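Trainee: So you can see what is in the structure, the chains are spelled out below.
There are 2 protein chains.
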Amino acid sequence: MKRDLDRLMAERNIDALVVEGPDGLGSANPDFNYFVNGAALTGTVIKKRGEPAMLLHSPWEQLQAETTGLVLIPTSRWSLRDILNEIPDRFQAYVELRRRIFTDLDIGGRVGIYGTVRAGEHFALLTGLAQKLTGLEIVAEFEKDIISEARLTKEPEEVEIMRRVGRKTCAVVQAVVDFIRTGHADGDTLVDASGAAIAIGHVKELIRRELAAQGLEAPQGTIFAQGRDAGLPHATGDEAAPLILGQAIVFDIFPRELGGGYFHDMTRTFAIGYAPPQLQKIYDDVRGAFEHVVAELESGAPTKAYQDMTCKFFEARGHETIGSKYPIEEGYIHSLGHGIGLEIHEDFGFPSLQDRGELLRPGAVFTIEPGLYYPNKGIGVRIEDTYYCTPDGSFESLTPFPKDLVIPLKS
Amino acid sequence: MKRDLDRLMAERNIDALVVEGPDGLGSANPDFNYFVNGAALTGTVIKKRGEPAMLLHSPWEQLQAETTGLVLIPTSRWSLRDILNEIPDRFQAYVELRRRIFTDLDIGGRVGIYGTVRAGEHFALLTGLAQKLTGLEIVAEFEKDIISEARLTKEPEEVEIMRRVGRKTCAVVQAVVDFIRTGHADGDTLVDASGAAIAIGHVKELIRRELAAQGLEAPQGTIFAQGRDAGLPHATGDEAAPLILGQAIVFDIFPRELGGGYFHDMTRTFAIGYAPPQLQKIYDDVRGAFEHVVAELESGAPTKAYQDMTCKFFEARGHETIGSKYPIEEGYIHSLGHGIGLEIHEDFGFPSLQDRGELLRPGAVFTIEPGLYYPNKGIGVRIEDTYYCTPDGSFESLTPFPKDLVIPLKS
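Residue numbers (my numbering), protein chains in the order written: chain A, 63 to 473; chain B, 63 to 473.
Heads up, a few of these hints could be off.
The list cannot tell twin chains apart, which means a pair is met if one copy fits it or any two copies do.
Here are the computed lysine-lysine pairs in the DSSO-like style, where the Cα-Cα straight-line distance is at most 30 Å [stated by the list, open to error]:
no., residue 1, residue 2
1, Lys194, Lys266
2, Lys206, Lys194
3, Lys374, Lys194
4, Lys266, Lys230
In short, the hints are calculated from the structure, not lab data. No experiment lies behind these values; they were computed from the predicted model shown.
One chain only, chain A, in its complex shape (with noise of 0.2 Å):
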């Protein structure tokens, strides 16, 4: 939470964070949205630590700085024009650009980068900083860095968001649901009231529209993965094909509300019509799984135990997982889950690799998704909730939606 930051600081000796703000990313820039609140405004946060964050604004951008609640600081009191018309190159004038506004903001000693910014271009401007200010230290934490771990427990009104997202989200995948039912077999093809088929491409349009209608976009894509495809996990699937009875759909949708807003995610693994009784006792594997898991969330919990747990389930029931086998393309391939906010992904995991002795806290909000992978069968299964672990340590599901793989067609 945003109240552990002065805490974090203070245990890395950390003096000063800068939050780079570029313009021209949108909103792909977590730890900076994390200050302005999705707010559409460039600029750069600093914190000094044991005060309140401040925000360097262009004059242009008032009206958005007003809405971030931050101390206010525009641009404007530093002249670019002057410094170029003293330093013709343009790198070493941005450089003192810089460092004018360190010197005159008292920003010094051990700082922090943080967001996101182009890899050359940031990296020639810190380095060419550093040079020119003495008793500057550029600390460049590389995991788990002070704003990610702050990011890492929500406060209940970023819960509330994220229930609100969660909602909207099981909408859009009730609306593709409810379009799938509207189509009719022929032979093992789903087909319309004309009689053509229904391809994935018509799915991933109204998955598009809803998400749009719902005010959320997907900017990652969204998985909707059948057969062959459903067994690589990353395959997003073919627009091109069209909707086949009777083979495994995994429907892996993670969407955020528009502006850097917070993420959902959660993946559902559809039949359409009926489902083999190979992908039944697949799904049902996984099912079991999940809700093995589930019931054993525990606050305070080390994450290794849930993925160790997830293995150990599956090998029993005579799948390979990658608690035994590495590297593994077939079973159990992946984690159990991971962190999710204001990125998909966030810094926090059930231990695939390597235990980093993360533990389940109050405060955490992060997916539960076990699958199992056999492409060279067609099948794919993967079901995927978000959780939340409350301050009183249970366990909420974010995903109000049902588990059923058979989507049964009007006869």
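Fit chain B to the known structure of chain A by using the hints.
Mentor: For chain B alone, coordinates are given in the frame of chain A:
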């Protein structure tokens, strides 16, 4: 254009380009999208001078990787699990993984870094790698880097896509005009058939729906700003405010096709029902400037000439401009336009502060957007089309939409 990359690498003595395509940033990575054509995948693009570009990708993303036409290298060639067993410190393990990749692929010498990254993580990784890998020199280009430079001139196939995005964007603007024309005047307030005021929020909702229907997204929002807000170039519009007849409305829309595609950028200024004389005069000046500049466009000419021409045009009509006053908050306060493509603002423009010696070159795609801002009079006007400098040196507007100020209401 992509075929310029090897020449630019030779001119700048760069041995390899490394383009990061990190997880979780969606499509906000124009350099990476340039190589993978917006395919939904993570990974890293590496291009050695004189050789085709390689894509290091997850085996999970084989299908998407195949669509790129790049040389494919699955990251399963290197085992992070093995490295973590040897080197439990995660930062050192990731540096070692990167060291092995660079060594195995023979990447060394002067290596340029590109793409959109997390500031701290990337800075740490690259600094660590440079310490460990002798013979590696990280080259961080500050502006006009090799990839930005190649991207500035578009291939005919890229322009064909940009024409399509232009037509789709115009269709969204037309839908908004048609919607406004369904309203009626109640005094100076625009109301619907039931007599309820039509608010900017209703228009914004329509814009979102129409964008989705066209397969477009607006990751940086849309400006629909009325009255005083129209006088602030980046104010996005107050959703609660009702539409008022006779007020300046700046409608600036800059969407792209879904999934990291090409942007379009256009602005129209509207007045519903009628335009008061003060607004009409300012509008005529902006439209006059627009047409004056466009008539003078010439392949090979310096962009500075057009910025100067615009300032002169406005000053002759009694407006203050950034050409003779800085900082400036009223009048003509910004530059005439900017390059556009996979980013809304590309590294090319008409200089308002410092001339960078840029020329209008065949293949360039850029905006022309003069404007006048008088927030204290409740007036702002901007007119913007996207232009293309063709291979034969002529200029084509990619924005086929009329430039009428007044949206007449049905009586």
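Trainee: It remains to establish, for every hint, whether it holds in the given structure.
Mentor: Verification of the hints:
In this assembly of identical chains, Lys194 and Lys266 lie within 30 Å of each other by CA distance neither inside one copy nor across copies; the values are 52 Å within and 46 Å between. With identical chains, the CA atoms of Lys206 and Lys194 are at most 30 Å apart both within one copy (29 Å) and between copies (23 Å). With identical chains, the CA atoms of Lys374 and Lys194 are never at most 30 Å apart, being 56 Å at best within one copy and 40 Å at best between copies. Taking CA atoms no more than 30 Å apart as the test, Lys266 paired with Lys230 passes in both settings, with 17 Å inside one copy and 19 Å between copies.
Against the hints set out earlier in the document, violations occur for numbers 1, 3.
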